[in-house]
Amino acid sequence: MNDAPAASSVNYLNANYGIRSWLLTTDHKRIGLLYLAVITFMFLIGGSAAVLMRLHLVEPQGALVEPDTYNKLFSTHGIVMVFFFLVPSIPATLGNFLIPIMIGARDVAFPRLNLMSWYIFVAGCTLGMIAILSGGVDTGWTFYPPYSSLYAHTPVVTMAMGIFVAGFSSILTGLNFVVTIHKMRAPGMTWFRLPLFIWALYATSLIFILGTPVIAVTVLLLGLERLFHVGIFDPAVGGDPLLFQHLFWFYSHPAVYIMILPSMGVISELITAFSRKKVFGYSMIAFSSLAIAIISFIVWGHHMFVTGQSVYAGLVFSVLSFMVAIPSAIKVFNWTATLYKGSISYQAPMLYALGFIGLFTMGGLTGLFLASLATDVHLNGTYFVVAHFHYIMVGGALMGYLGGIHFWWPKITGRMYPDLWARLAAAIVFVGFNLTFFPQFVLGYLGMPRRYAVYPAEFQVLNVMSSAGASVLAVGYVIPLVYLIWSMRYGPEAGRNPWGAKGLEWTTPSPPPTENFETPPIVTEDAYEYPVAAESTYPNAPGVARV
Amino acid sequence: MSELAAHGAHAHPPGFAHQFEDMAQQKEAGTLGMWAFLVTEILFFGGMFTAYIIYRSLHLPGFITGSHLLVVKFGAINTAVLICSSLTMALAIRSAQTGKGRGTIIFWLILTMILGATFLGLKFAFEWSKDYAEHIVPGAYFGFQYHPSWGANAPYVQMFMCFYFFMTGLHALHMVVGLGILAVLVGMTAANKFSSQYYTPLEISGLYWHFVDIVWIFLFPLLYLIGGRY
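Residue numbers (the working numbering), protein chains in the order written: chain U, 1 to 547; chain B, 1001 to 1230.
Accuracy of the hints is not assured; some may be wrong.
Residues on chain B that point at chain U, a partial pick, calculated with CB under 8 Å [said to hold, decoys possible]:
#1 Phe-1037
#2 Val-1071
#3 Pro-1201
#4 Glu-1203
Derived DEER-like restraints, expressed as beta-carbon distance ranges [as the list claims (entries may be wrong)]:
#5 His-1210/B - Phe-228/U: 38 to 46 Å
#6 Leu-1173/B - Asn-16/U: 49 to 57 Å
#7 Ser-48/U - Val-1177/B: 32 to 40 Å
#8 Asp-1022/B - Asn-16/U: 24 to 32 Å
#9 Val-461/U - Ala-1152/B: 36 to 44 Å
#10 Val-1177/B - His-229/U: 49 to 57 Å
#11 Gly-135/U - Leu-1207/B: 39 to 47 Å
#12 Phe-1124/B - Val-377/U: 50 to 58 Å
#13 Leu-1173/B - Gly-381/U: 22 to 30 Å
#14 Ile-522/U - Pro-1014/B: 49 to 57 Å
#15 His-1018/B - Pro-492/U: 27 to 35 Å
Since the hints were made in silico from the structure, they are not lab data.
Idealized CB from N, CA, C, for every residue including glycine.
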């Protein structure tokens, strides 16, 4: 391509300067970067709590902190990672940045609302940070009453309000995305030409819209009960703590899919781009995203098999939970079929994608153990559960997030990062992750309960393995932080399409101009019609390497 | 004016936002956005309705006693007031649609605001103050001692009152937001922002206003009427 060097042309980054131009921007690309900054900070907070926990668990009697502090650490880790990092991670950063570009629009449907969502999110994070700095809560991320509403002597209300406020950011972002995808597509961009990332985020947005209001009203009720000592969850006045759990999981189980669906969307993009091949079973992958979103709303009871919920309800929830495995497996099989006879190259984003497939498959299959009534009675509340959902949320969601960041980083910044370091980091993350969480499957199977600050001495070897893995994992996360920041200034220029990938976002300069395209695009072909006619501009790109 | 000049030959109609291709697209997006927002509102209230229905079926006698503490007269008057406000809101939109002058639109909008304020006034000044005086506001001062006849049902009477205050309180909050929106609309109308070609803000604010009314239409029978009184 003979496009002008990115640095000399006007793009969204250099169109104007100064802190004001960022804090008052309505450009979806800048708002995506604003989110990126905040969630990276929150990730460091949540990650620090995890590191402290793992250090503490090196010794059976606990090596580092008081048991009360340990309770606050796991609560902080869970709350921050779920509500302030994973839920907004891909949708708010990559989604904000990419949705309008991928569908050929100038911006999202409601740019000012988009900026407002960010401020609301920051307000939520601030409340969360105030709660952490004023001692931190010790209720776990689940806030089960009556402990949270009556007995906990920690700033539960502040934290609950943080989640309440941040929830509205999710709702408004989801609303914005739904309207954008419905109404803002470029001429020729039909529903079945949309990139699969868009389908995934559309499904995610539906969950945002339908699920988040319920958690909002639930934590509101919890806060009112705690503040005014009136209430509906307190058994002392005839309330039912189980109702809280039902309402909580009605959102929080779909929230798992808020975290994993966008990652699946990223993986669909990565697998097809680095296989140089049209994705296998486009419509099945697209519809499986919607199916996951729909089914996710009718499986929440599998979190409550041993809580006194009716056994018949448990049976039904068990069967329904197994159904989620079907669309998830459809995706995995289709990705694998896409790889088949593709001309695969192992750039850093692809390493994350392949890691995702393996780890997500393990996480998904162990989920079936937990969806079975009988085995769940044994495994419920053990480290098996912890390992399972970390395989989904870290091995799945976070790997997808990192893969996506690495894939679109040259588009976002116009610069390449050092490929060798990136591959190394991806490998370290994969190894560190498995070392951390695989032993926890064994621990859980052997009966070690989660959320305890101490454990019997015979579990020490596995716990030390897990803690060692956490250190490796931490290194794997710090390396990208360093070279990605480095690359913003010193990285080689990426050009329009460093990967030789398909998609509207690769037809516009890197970084894109403020209104995304030099001329409004008209779409004339399906997604992923490989090979790409245009040459790549980055020397290590697979398209070039093969010439 | 400067914005028009900047766009040169492409003089856009007033209220046009740059990210859209044309006014039709903008209107569709705004309308869909408001409907999607109302869906989230239904889910938001839905959590409370679910909890109410479950507890009502579990603790029926206490809930009936609680329902009898409410004054149907106030609820009925407020229902009528709200339905009228929906009518005036619809008439405001209709006036914009048929190209009536801004005076007409503002008249209907102000009337809607007056009716909305009447609703809130009745709630605050008559109903809630009465509840407060009778010690049937849940909390430390809930008047268990004044009503020995409640017996074992007393906690559930308090629970009913919790739901009553949470749900009508949340509804009142939405009314207050609605009044704010109406005030903005009055300002926009006065500034001549609307015409028979462009009145999307009026229309989607109307959707919101009607939604808040409909919530009340559900709350009124659920809280006041189905207590076995009639």
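Supplied distance hint 22 to 30 Å, evaluated on CB atoms of Leu-1173/B and Gly-381/U: Between Leu-1173/B and Gly-381/U, where Cβ atoms are some 38 Å apart, the hint is violated.
Val-1071/B as chain U interface residue, shortest Cβ-Cβ below 8 Å: 21 Å, violated
Cβ separation of Val-1177/B and His-229/U, checked against the hinted range 49 to 57 Å: 28 Å, violated
Do His-1210/B and Phe-228/U keep their Cβ atoms within the hinted range of 38 to 46 Å? 32 Å, violated
Starting from the hint 49 to 57 Å, judge whether the C-beta atoms of Ile-522/U and Pro-1014/B obey it. 29 Å, violated
Beta-carbon spacing of Asp-1022/B to Asn-16/U - inside the hinted bounds 24 to 32 Å or not: 27 Å, holds
State, for the Cβ atoms of Ser-48/U and Val-1177/B, whether the hinted interval 32 to 40 Å holds or is violated. Given a distance of about 39 Å, which is inside 32 to 40 Å, the answer is holds.
Starting from the range 49 to 57 Å, see whether the pair Leu-1173/B and Asn-16/U falls in it by beta-carbon distance. 38 Å, violated
Status of the given 27 to 35 Å range, CB of Pro-492/U versus CB of His-1018/B: 34 Å, holds
Should the hint that Phe-1037/B touches chain U count as held when the rule is a Cβ pair under 8 Å? OK, holds: Phe-1037/B within 8 Å of chain U, min 6 Å.
Pro-1201/B as an interface hint toward chain U, with CB separation required under 8 Å: 13 Å, violated
Does the beta carbon distance between Val-461/U and Ala-1152/B stay inside 36 to 44 Å, or does it fall outside? 56 Å, violated
Hint check: violations occur at hints 2, 3, 4, 5, 6, 9, 10, 13, 14; the rest are consistent with the structure.
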